[in-house]
Structure formats: C-alpha cells, structure tokens
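As they're listed, the protein sequences go chains A and B.
Sequential numbering of the first sequence, starting at 1, is according to our numbering.
Sequential numbering of the second sequence, starting at 1001, is according to our numbering.
The reader is advised that the hints may include incorrect statements.
Stated by the list, open to error - No farther apart than 35 Å at their CA atoms in a straight line, the calculated lysine-lysine pairs in the DSBU-like style are these:
1) B:Lys-1097 x A:Lys-3
2) B:Lys-1161 x B:Lys-1178
3) A:Lys-191 x B:Lys-1015
4) B:Lys-1178 x A:Lys-11
5) B:Lys-1096 x A:Lys-286
6) B:Lys-1161 x B:Lys-1097
7) A:Lys-286 x A:Lys-106
Unchecked claim - Some chain B residues flagged as far from chain A (calculated, every beta-carbon gap over 10 Å):
8) Asn-1002
9) Phe-1032
10) Ile-1044
11) Asp-1051
12) Tyr-1119
13) Leu-1146
14) Val-1163
15) His-1184
16) Pro-1188
17) Gly-1192
18) Pro-1222
19) Gln-1226
20) Pro-1228
21) Phe-1240
22) Val-1273
Because the hints were derived from the structure by calculation, they are not lab data.
Just so it is clear, CB atoms sit at the ideal spot from N, CA and C, and this is done for glycine as well.
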Amino acid sequence: MRKIKELVIEKSLFTSALVTIAVTVGIILVLAIEAIRFFSEVSILDFFTDTQWTPLFTEKHFGILPLLSGTFLTSFIAIAVALPIGLSISIYLSEYAPNSFRKTVKPLLELLAAVPTVVYGFFALIVVTPFLQEIIPNLSGFNSLSAGIVMGIMIIPYISSLSEDALHAVPQSLREASYGMGATKLQTAFKVMIPAASSGIIVSIILAISRAIGETMIVAIAAGQQPRLTLDPTVPVETITAYIVQVSLGDVQHGSLEYRTIFAAGITLFIFTFLLNTLSYRIRKKYQMQYE
Amino acid sequence: MNNIKKNRLKDQLFKFWGICSTLIGLILLTIFIGDILIDGISRIDWGFITDLPSRKAEKSGIYTALMGSIWILILTAFIAIPVGVAAAIYLEEYSKKNWLSGLLEINISNLAGVPSIIYGLLGLEVFVRIMNLRASVLAGSLTLSLLILPIIIVASREAIKAVPSSIKDASYALGASKWQTIWHQILPASGGGILTGVILALSRAVGETAPLIVVGALAYVPFAPQNPMDEFSVLPIQIFNWISRPQHGFIENAAAAIIILLLITFMMNGIAVYFRNKWQQKWK
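Starting from the given sequences, assemble the full structure and let the hints guide the process.
This is the structure:
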C-alpha cells in the first residue's frame, strides 16, 4: 500500500516537471503553425527583404526589417547605457566597496528590475522625453532614444548583479597575488579579476541583451508605433513587441492574415532570444566548475 | 615614481566613477519615484480606489482593475505554486542524472528567458481559442502561471538543495519513506526559501502587462469580475490605457495608479526579503 502511494506521488511530481516541456513544445507549435499559415500567403523572401511593414493598411507590405531595426536600435541604446554603468557598479562593489555597503546597495539596485515595466514606460514618456527635448529640440514625442535609455536603466541590475556574483566567485588568492606584485586595485580589477570572471560577465551581458530585445511595455509606450527602417534615434519607430501589442489592442479577426502577422513577428523574436539564451546556458555550463 | 603616481590617480578616479555609477542607479530610482509621487499623490483618496472607471478623468477610479489584479494574483498562485514546487521536488529529489534530467534543466533555463509577450501568444492560442476560455480571468491566470513557473522552480530547487543532508539521513534512519521525508522534513525546512521565490514570482505576475493585453484583457470593464470566467482588466493595463490618453487628468490618474501598483510590488518584495533573511539565518 505504502509502495503504491509512493509511486503515485512520484509519477505526479514527474508530470509537474513535464509541464515545463509541454510549455516549450506548446510555444514552438503555436508559433510555427500560425507562422507556416502566414508564409503560405506571404513569400518568405518578401518577409526578409521588403523594407516596409504595413499589414494594417490597404496597401499591404510584410517586410520584417523595419520592426527588426526598431528592436535593435532600442536594445542597442539600452545596452550602451546599461553596460558601462552596470559593469562599473559590479567592479566597484566587488573590489572597492566595504562589505556592508555592498550588502545594502545590491538589493536596492535589484529593486530597479522589480519595478513593473509599464511604470518605466510612463517615466520615459512623461519625464525623460520632455527633458531630452530641451537638449535636442527636434526630438519627436515618441522616439527610440528615451525608450532605450530608460530600458537601459531597467537592465542595469541584470548586468551589475550577475557580474558582481561572477567577480565575487574568483578566489581571493588571485587578488592577493596581484596586490603582492604591487598592482593597484584598478589594475587588479581589469588585468586579473575581469579576465578570470569573463564567462560570468559575458553571460550577464547576453541575458541583458535578450531581456532588452523582448521588452515590451517601455517601447510600446515611449518609442511609438510607426515601423520605420532607420537608425535615427530621434524619430518614432516600432519594435516587434510593440507591434504585437498594437494588433492585440485593435479588433483583428481571428484567422485573418493580420492576425497571423503577430505570430510571424513572434517567432522571429522567439528565435533571437532562444539563440541568446542557449548561448548563455552553454557558456555557464562550460565554465561553472572552473573555481569549484 | 611618476608612473606609480599616475596609477594611483587612475585608481582613485575609477573609484570615484564607481561610486557615481552606483549612485546614478539609486538617484534615478529616487527621482522617478519622487516625480510619480508629485504627479499622483494628490489624486489618491478613498474614492479613487472604490470608483468604477469613467470617461471623465476626475471621476475615474481603479476599483475594477484592482479587483482584477487581486483575482489574477490569487488564481495564478493557486495554479503555479503546486505545479512549480512539485516540479522542483521531482528535479531535486527523484530525477536521476540522465538525458531527460539534462533536457528538463536546459529547458527550464530557456523558459526563464522567453519574453513575456511570447507567453501571451501561447495563452491566446491555447487557452483563449483552443480551450475556449475567452478573455477570462482564468485564461489570464493560466498564462501568467506558465510565465512564472520557471522562476518558482529555480527558487524552490535552490531552497531544497540548501537543506542539510543530515536531516534527510536522520529521517530515513527512523524508517520514514521518501515521501514522508520530503513532506515532514524537507518541505518545512526549505519553506522559507520557497516562499521567498514564490512571492517574488507573484510580484512579477502582478506587474505584467503585455501577455495579458495579448490574451485580450480589456482596458475598460464596467464591473469587477465575479467568477473566473468573467472578463477583466488589471492595474498595469489600466495605467497603460490612461498613459495613452492625451488629457492631462488621465496622466494624473496614471501616476496615482502607479503609486498603488508600486506599493503592492515593493511590499511583496519587502516581505520576500524578510523571509529570505529569516531563513538564511536558520542554517548558519
């Protein structure tokens, strides 16, 4: 009797674990099926080469490039903000700051990542854009610059916390050896600690990029809803995620071509983040045992 | 001599820059909470919380959205916690090291990195269309449950892993079965850590906007949901809707609603940190 009960419990626990596989399979199937239906009506060549994305207009174009450029532009700005600041924070906290300071500041910084993204969207549109317009007079009310900067602030803790963990895991002996040779803290940080913790730091950067590409609300609120193939950060653009939101808010018929565009856009987004996540997982697994 | 001075100077300069960077993050957080407080605090009164949404900004309240958020929070907790904790127990205590456990591991790590809006597309096809739940509270909760499942699993595994094996050995030595050991020893011992992870995951769910928009949650609902099959709105969607309107009154409303939303998220984070500290002391 007891054996049967144990077996039933084990099987139901196993089923719960299998749910996670079902989710992945579900995501891939849903995106693939709707995307295949989409590509039976739109040529895949047009999808990747057409420079216009106007599925909601009478004259329809289905080129993903404008959405991709919007996504990469906002993500690039975000990383350009978050990388130097996040990395400097991690070096300062692990090499310079007293332990008590590190312990109070780290959770406070992590609050930046706990703030709901719709709040950041408000901040970008209502505070940062008007402020930037004072400096750049021809900045449009919706633009990738302000959305990108605010998104960068949001992902600072992704880089600073994970990189700090990586630096913290480097054995103290390496640090002491460097000090013993007469190196300053700065020289030790850049010539010894960062190379030693490089895999962890790279993982943190890849995860931050993946987070930026998939971020939705900030760009949907502050970057605009005009698909445009441009690298100009002062004009409205549209990202893949913002497009999906735009269609979801409207009244698009299920099963129509317009409806399928969000899955075609979705699978493009999924592939990019999947590649980045897999890469970071590989790096993490490969170097995990290094100092243990 | 000159070289040494130069290096020391560089060292000091970087230290200064490091302090600045750290403060930039904290100062921005302060500025921006301060700004939202200035914009919104005067709008908050009892009526703002208990009023239904309206076309006039000064008459609008967040009642339906707040109730929607609470519904979503409770249903999501009921769905995600049992599945997540059960999966974590399986992975830590039962699974053998083989291709399947490797696959589960890489899969969960990958799911944690899937953008939330993709979960929205999954929910739209599977829950809203195929299972025909329409844009109901239940469909929204199921979608968010899948979204936070990886977070709960990872946190619960960490907590279970941290339980000293002496506790397990002692339980087995007394003749307890595997499940008895897990139920009576391991789960109570790791409860604090699991709770921390669960609360953090739920606080993420409360702030999510995009997947619920994709699933079809509405910006305007006339009544608070009465059962899981009712249509709903949530606080973040109400905020998004108010931000998108041109009249200034709605911006004030948005700021006021943000204060309420931040209050909820920060409170949940605070509780989580409290449990984490309490639990960490236990094994030291």
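Hint-by-hint comparison with the structure:
no.	hint	verdict
1	B:Lys-1097 x A:Lys-3	23 Å, holds
2	B:Lys-1161 x B:Lys-1178	16 Å, holds
3	A:Lys-191 x B:Lys-1015	16 Å, holds
4	B:Lys-1178 x A:Lys-11	13 Å, holds
5	B:Lys-1096 x A:Lys-286	21 Å, holds
6	B:Lys-1161 x B:Lys-1097	15 Å, holds
7	A:Lys-286 x A:Lys-106	27 Å, holds
8	Asn-1002	15 Å, holds
9	Phe-1032	5 Å, violated
10	Ile-1044	16 Å, holds
11	Asp-1051	21 Å, holds
12	Tyr-1119	8 Å, violated
13	Leu-1146	5 Å, violated
14	Val-1163	17 Å, holds
15	His-1184	13 Å, holds
16	Pro-1188	17 Å, holds
17	Gly-1192	17 Å, holds
18	Pro-1222	19 Å, holds
19	Gln-1226	25 Å, holds
20	Pro-1228	20 Å, holds
21	Phe-1240	5 Å, violated
22	Val-1273	6 Å, violated
Going down the numbered hints, you'll see the structure goes against 9, 12, 13, 21, 22, while the others check out.
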